[in-house]
Structures are given as C-alpha cells and as structure tokens.
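Taken in sequence, the protein lines are chains V and B. Counting in the working numbering, the first sequence runs from 1 upward without gaps. Counting in the working numbering, the second sequence runs from 1 upward without gaps.
This list has only true hints and no planted wrong ones.
As a list, the in silico DSBU-like pairs of lysine-lysine whose alpha-carbon atoms are at most 35 Å apart:
id, chain 1, residue 1, chain 2, residue 2
1, B, K160, B, K414
2, V, K118, B, K259
3, V, K118, B, K340
Example chain V residues on the side facing chain B (calculated, C-beta under 8 Å, incomplete):
id, residue
4, S15
5, A19
6, D22
7, K23
8, N86
9, T108
10, D109
None of these hints come from the bench; they were simulated from the model. Cβ atoms here follow ideal geometry from the backbone N, Cα and C, with glycine treated the same way.
Here are the chains, one letter per residue:
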Amino acid sequence: MENKKTILIIEDERSLREALRDKLTREGFSTLEAKNGEEGLDVALREHPELILLDIVMPVMDGMTMLKQLRENAWGKNVKIIILTNLSDIEKIADSVKNEVYDYLVKTDWKLEDVVTKVRERLGE
Amino acid sequence: MSHISSIRARLILLLVLALIFLSGIGFGSMAQSNALIGAGLFLIGIGGFAIIMAASYLIIKQVQSLNKISANAHAAELERDRLQVILSCMGEGLIAIDADYRVIMCNDRTSAFLRTPPIETIGKEIQEVFPIFRAGEPGRICTKKILAQTIQDINIITIKLADKFLCKNSIGQTFPVAIVAETLLKDTDIIGSVILFRDISEEKEVDQAKDEFVSLASHQLRTPLSTINWYTEMILEGDAGHISKKQKSFLHEINTANKRMTTLVSSLLNVSRIELGTFAIDPKPTDVIVLIREVLGMLKPEMDKHEIKLQEQYGEIPIMDVDPQLMQIVFQNLISNAIKYSPKGSVVGIEISYKKQLKNGAKRAQKQLVIRIRDTGYGIPKNQQSKIFTKLFRADNIKSKITDGNGLGLYIVKSIISHSGGTISFESEENKGTSFCITLPVSGMRQKIGAKKLGG
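Work out the full structure: start from the sequences and follow the hints.
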C-alpha cells in the first residue's frame, strides 16, 4: 500500500472537495486537501504530491496565482496539474497561462468517473 | 424703397420751410412797413420755429432709425445667445476643430468635462485639450490619429463603451468617454471636424454590474450544479450503499434535470454576451476534423442512448484559422440537435470538405470549408423554417416530443457563424430529416476583438 499515489485537491467548495476526496480514495489514491491557493502551495511544497487538481476561482489566493508561484519552484516546475474549471474561468486560464498546455476539466460537465480516468491518464497508469 | 422715399419727403419739407423763411424776410424789407416787417418777422419766427421743428423731427427720425439698426443687431445677438444656450445645455461636449487640428469652437459642457475655460481652449491643438487613449495604454494619446480619419477623408467615427477609451482632463482625472466625430464640410471642402463626446462613467458602472452578475451566475450557479452532479453520480454508483430500482430511476431524473440546468446556464450566458456584442473571436490554427471528433467523443453517451448510426466523411482539410472554442459550441449544438431530434436508430451524417463553391454574388468560385451535418430525424415544418434561428423558438412538431430544449442553440450557432464571416443554411423535410450546411472562407474565421469569450 506504500506505492499509493498522492493527489492534492485544491478546491474552496467543501462539497466538491469532499466528493473528489471520497471518489479518489475509493479508487485507491491517497489524497491531500487545501481550501485555497495559499494553503495549496504550502501543502504542495511540503508533501510533493504526484498530481494536483487545481480550482481557479478561490478566495485568499486564486488558482492562477498559485500556479505561477508553484512553477517558480524547482520541484513545482514539473508537477502534473489538472485544472478544474467553471466554464467562465476558461478565459482566465487562456489569459494567464501562455505556452503551457494543461489538462482542464469542466466541473459541471464531467462525471467523477471521468475525473478519475483523466487522473489515471495523467499519471500514466 | 421706403428708405429712399423718406429721404425725398424730408428734402421737400426742408425746401418748403426755406421758402417760407425767405419769403417772410423778402416781404418785410420790400414793404418797409412796420406792419409788414412785423408780419415778416412773424413769418421769420414761424420759419425759425418750423426749422427747429424740422431739425428736431429729423434728429428724432435719425435717432429712431439708428435705434432700428441697433434693434436688428440686438436680434442677431439674441439669436447667437440662444444658440450658445442650446449648445451649453447639451449633455455632450462639442468641439469644432479646423483642418490643422486646432480648436475653433467649443461649448460650455466641453469646459466642464475637460476642466479648461473656453478661452484657453480656442486655438489650441485638439490633442492637448482633449487627450484620449485606450484603457491600459495611458501613454499613447491617440486623439489626433483618430480624428485624422475625419480630416483626411469624409468620415464619421464612433467610439463606444466597448471600445474602452478614456479621456484625461486638465486636472489629471480620467473618465470613460464615448465619441462621435464627423468631417466638417464647407461645400465640398473638408475644413475640419466636429467632435461630440460625453462622460460614460454611468454606463460603465451598469456594464460592470452586468459583468458581475454574469460572473456570479456562471460561478455561483454552477458550483451547486457541480455538487448535485457529482453526488447523484456517487449515489447512483452505489458509493453510499445499495439503492433500489425506484431510487435509481428517481436519481436519473435528478441527474437529467441537473444537466438541463447546466446547459441552460451556459446558453443564457452566451446569449447575453452575443446580444451585448462583447464576445471575442480568436482564430488559431486548428485541425477541424480533430475538433469535431472531440465533440463526437463527448456526445458518445447520447448517441449510444439514441442508437444513432454515425456516418463520417472527411476530405483533405488543411489546418485552418478558426476559434476552436466557438467552433466546438457550433458542432456541439448542431450534432446534439441531430441526435436529440431523431427517433432511435436514425442516421447522423457528418461531412467536412474543402471545395470550390460559388458564393452568392461572387463571379469566381472560391475555396471554402464546407461542413454538413445531417440527420434522418423529425425535421422542421415548412411553415416554421424561417424562424429556426430566432431566439427561444422551438418548432411545433418537437415541442411536445422533446421538452428539454431551450430554443437558444441555433440562435447561438447562427450568431457565431455570421460574426465570423461564414454562412449557415439548411434543408429540412418533416419526418425525413434536416441537413445543416456551414461554410467558412479559406481565410478561416474573422477575428473579432471582444471583452469576453463564449463558453460552451
């Protein structure tokens, strides 16, 4: 059980965060949680998870700011990230992230099952 | 004429009076008689009196006529004042400049907006008194550049809220500005330009309130929708324990309603952006076939549910400049309509080709991207075909069959295609099917700078 992959979920909405946590745990992943970008950055740099699920619109520090700061870190530069969005965030992503291709998934349209598939895909499982 | 005749009357009067005066003197001296001298003196008196009367009459007349002239001048002045009052009562600032971009006239409102007295404005370069620039580019004053369009050519230019221009007044305050400038003509010569402008801070506030509402709607409405989406899914999957058949069917109902709400929220936001004209078209080199396959992938569950037989036919398509996000909305709407409005087991056909097609009015056939999406579904009744791109319209034959349509999809599709320089047409027969045809010029979609993107 030691080789469980760790996923950090950064999402301000409790219900969504817990849904993701429950599903991913059930699917055999180990999970970490954070309520905003600042907390997420802390946890990420301390725990070095294999993958980060990152919400965009969050209080304290939003996802894009967190992402920029994370990319400045030697470890954070290459960590796998899947962006969670509401459709309206897409323009924010396009504006802030240039020359970088991210996986992103639209929360209202995606089933949890699809999220899991995407996570596995990114982890190369 | 009346002036001339009055002069003549005055001359005659003078002559008569002079004769009376002279004859009085003549009579008096010839007769050497006291009585006659008395009479003569009397006549002289009368003559003198008459002369004084005449002189005063003439003076009065002269004064009166002088008064008349000044009354005319006064009327002209009144007229000018009235014009001034009208100009200064205008809500807009009005500036007239000559062909050398120097201010020749401005109204009071201009002074109020720019915080410069009119005397200090006249004769100055327009760029100096009326500096405007695009939001975010405060260093680039472009008043002259913009007005040049009305001075080098006969032209009207309009700058609106969405263009995001700001004006800086003499005390350093900036305000959002709307402008209309038009060439000033004398006969056929361009002699300058007239600029009408106003402070649109209020409109901007309203626009911001609307933006906030849209963002609230998209974020705050979608978050609970996501929650419902994921938790129903977990219960359906049995993550919270076994559920009965009945419970399962109820949950499916919740799920379907939730999906419908999700689509409705996206569509409403898109419509509000289309109507405001604020959506952007951002073409990027795109493989249209890859894009349509992605959409087909997304719609696979729907297709399986309706047992749709898919026929795909793709020609050799070069990489084209299209806005992938908008094109996705177009494909998604048309294909999901084809699926939704067809009975089980129908055929949905997708053809993409790149061919010469004679455009309406064009002499030579030009290469175009042609996308056809056809179905063998319910079709659109002939008498309602003219309305299908109308917002909120739903055809009678499907209104009762498929209740979860919102009548916004084709309106959005049509708006996107026409804004990007393409065409959309269709053929349909009831109970035989519908075929939509989209064409895009070889140059791809036309770029449109806008504040917001549409999201599917």
